[in-house]
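Chemist: Its first residue numbered 1, the sequence shown is counted upward by one per residue in full-length UniProt numbering.
In short, the hints are calculated from the structure, not lab data. Even for Gly, the Cβ is constructed at its ideal location relative to N, Cα and C. Any given hint could turn out to be false.
Have a look at the derived ranges for each label pair, beta carbon to beta carbon [to be verified]: (1) Arg-426 <-> Gly-65: 54 to 62 Å; (2) Pro-366 <-> Arg-426: 35 to 43 Å; (3) Pro-416 <-> Arg-76: 13 to 21 Å; (4) Arg-210 <-> Pro-412: 38 to 46 Å; (5) Gly-267 <-> Pro-165: 56 to 64 Å; (6) Ser-269 <-> Pro-165: 54 to 62 Å; (7) Asp-368 <-> Arg-426: 49 to 57 Å; (8) Arg-76 <-> Arg-318: 29 to 37 Å; (9) Arg-210 <-> Asp-17: 40 to 48 Å.
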Amino acid sequence: MIDRASPTDRAFLAMDDRRAPEHFGVVLLFHEADGFDLDRARQVLADRVPAVPRLRQRLIRTPFGCGGPIWVDDERFDLRDQVRVVRCEEPGDERSLLDLAYSLVATPMPRTGPRWSAVFVTGLAGRQAALVIVLHHVLADGVGGLAVLAGLADPGASAPEVVFPRPRPTVRALVLDAVSERVRAVLRTGTAVRLLRTSTAAAGGLHPPRAVPCSLLRQTGGRGRLAVVRVPAKALRAAAHRYGATTNDAVLVAVGAALNHVLSTRGESLDTVMIGVPVSGHAEGEPARGNMVSPLLVSVPVTGDLAQRLRRTEAAVRAHKSSAQGPPPIALLGWLFRPLAALGAYRWYMNHQRRMHTLVSHVRGPADPLTFSGWPIRSAVPIGSLGAGNMTVYFEVFTYAGTVTITSIADPDRFPDLDVLTRALRDELDRIASLD
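Put together the whole structure using the sequences plus the hints.
Modeler: As structure tokens, then:
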């Protein structure tokens, strides 16, 4: 079987930049009181990696005329290249851990090997230990990353009975597959055009309403900083449901209001915040492989009655969410997008875009705590790198074991108000959770 990178995967490759890699990940927290043992944890990880085939594969180009890049088993795979141990700097508190996690997620990975890394972090306060897992977006999207996590946590995925490394496909097989794919692409032209119209509309259309200029939109530099807010999922979900909204709608409303609070401290204000929301196109129950995520643009009101803001945000999401559950425009127009990105057009656009003020990516994890070799994963913190562009702050959200964890990723030079944002976001979430 020939395993090609999907059009969306190739788009993420085109967007990748050594100064701003397309990485995301998660920080898993353990406690030594549960018997956590570093040597045993490393061995368990080594035993389970073979059960997740993509973790031992790399992406390679094919000869001319043989189609797009393919995934192949990495015959030089050595787990020691992917997994290491790092001691956290003093005092080993959450701020020290988050700074370390950001440095890991913002560090480019070698392009000649598997696009992931795992770092066990020691030296944390309170007898804690952490495992930081970082994935390149070409390997998986948020839902796919969750599938990787599930394969590594207990009970672990079943390792396939296959020879490793498997032989690479022959040139003849690649040519035949490439020709077949081109024929299928021609036959799907009408469907592709319809999908392009739909996904473009979900992302605001060809002429979206402009995000109102403000200090949230400034070209970012090379640094990033993380801050975390946690809120009980049950209370937030119950409050949102009372107004016909979802937990994600509530998060969008809280983020919008918190950002407007930051702007007010700068002498600015908005009526609405334009938020980009990645929407997964993975069918429920199907294996989550590759990238299947499209952007949804949501205009979130930030002033006025809170309950009414929840209702308006829910209606805006509901009106266009189904349109965003197909291939994204960057994949459907990959033949045009990739060469333009190679010439720097994507970076130029992201540095000057006025489509959105920020991005909120929400992945829903398991409701019950996961364990790793019997040790409870006490907390899971989503992380991401700031990337290129003019959004000075964006948000990664992970719902896990009854807690909604929201990580703000900001450029400390362009967005020096991270502490103000964190307090405002916590206040807004508490305000929503206490709605009658």
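Chemist: CB of Pro-366 to CB of Arg-426, is that within 35 to 43 Å?
Modeler: 24 Å, violated
Chemist: Is 29 to 37 Å a correct range for the gap between the Cβ atoms of Arg-76 and Arg-318?
Modeler: Cβ of Arg-76 to Cβ of Arg-318: about 49 Å, so the range 29 to 37 Å is violated.
Chemist: Holds or violated: 38 to 46 Å for the Cβ distance of Arg-210 and Pro-412?
Modeler: Distance hint for Arg-210, Pro-412 is violated at roughly 27 Å.
Chemist: Does 40 to 48 Å hold as the CB distance between Arg-210 and Asp-17, or does it fail?
Modeler: 25 Å, violated
Chemist: Taking the beta carbons of Arg-426 and Gly-65, is their distance inside 54 to 62 Å?
Modeler: Once the Cβ atoms are compared, 56 Å apart, the range 54 to 62 Å for Gly-65 and Arg-426 holds.
Chemist: With 49 to 57 Å as the target window, see if Asp-368 and Arg-426 comply at their CB atoms.
Modeler: Taking Cβ atoms as reference, Asp-368 and Arg-426 lie about 25 Å apart, which means the hint is violated.
Chemist: Can you let me know if the beta-carbon spacing of Gly-267 and Pro-165 is within 56 to 64 Å?
Modeler: 60 Å, holds
Chemist: For the hint 54 to 62 Å, verify it against the beta carbon of Ser-269 and that of Pro-165.
Modeler: With a Cβ separation near 58 Å, Ser-269 and Pro-165 satisfy 54 to 62 Å, so the hint holds.
Chemist: Can the suggested window of 13 to 21 Å be confirmed for the beta-carbon pair Pro-416 and Arg-76?
Modeler: Cβ of Pro-416 to Cβ of Arg-76: about 44 Å, so the range 13 to 21 Å is violated.
The earlier numbered hints that this structure contradicts are 2, 3, 4, 7, 8, 9.
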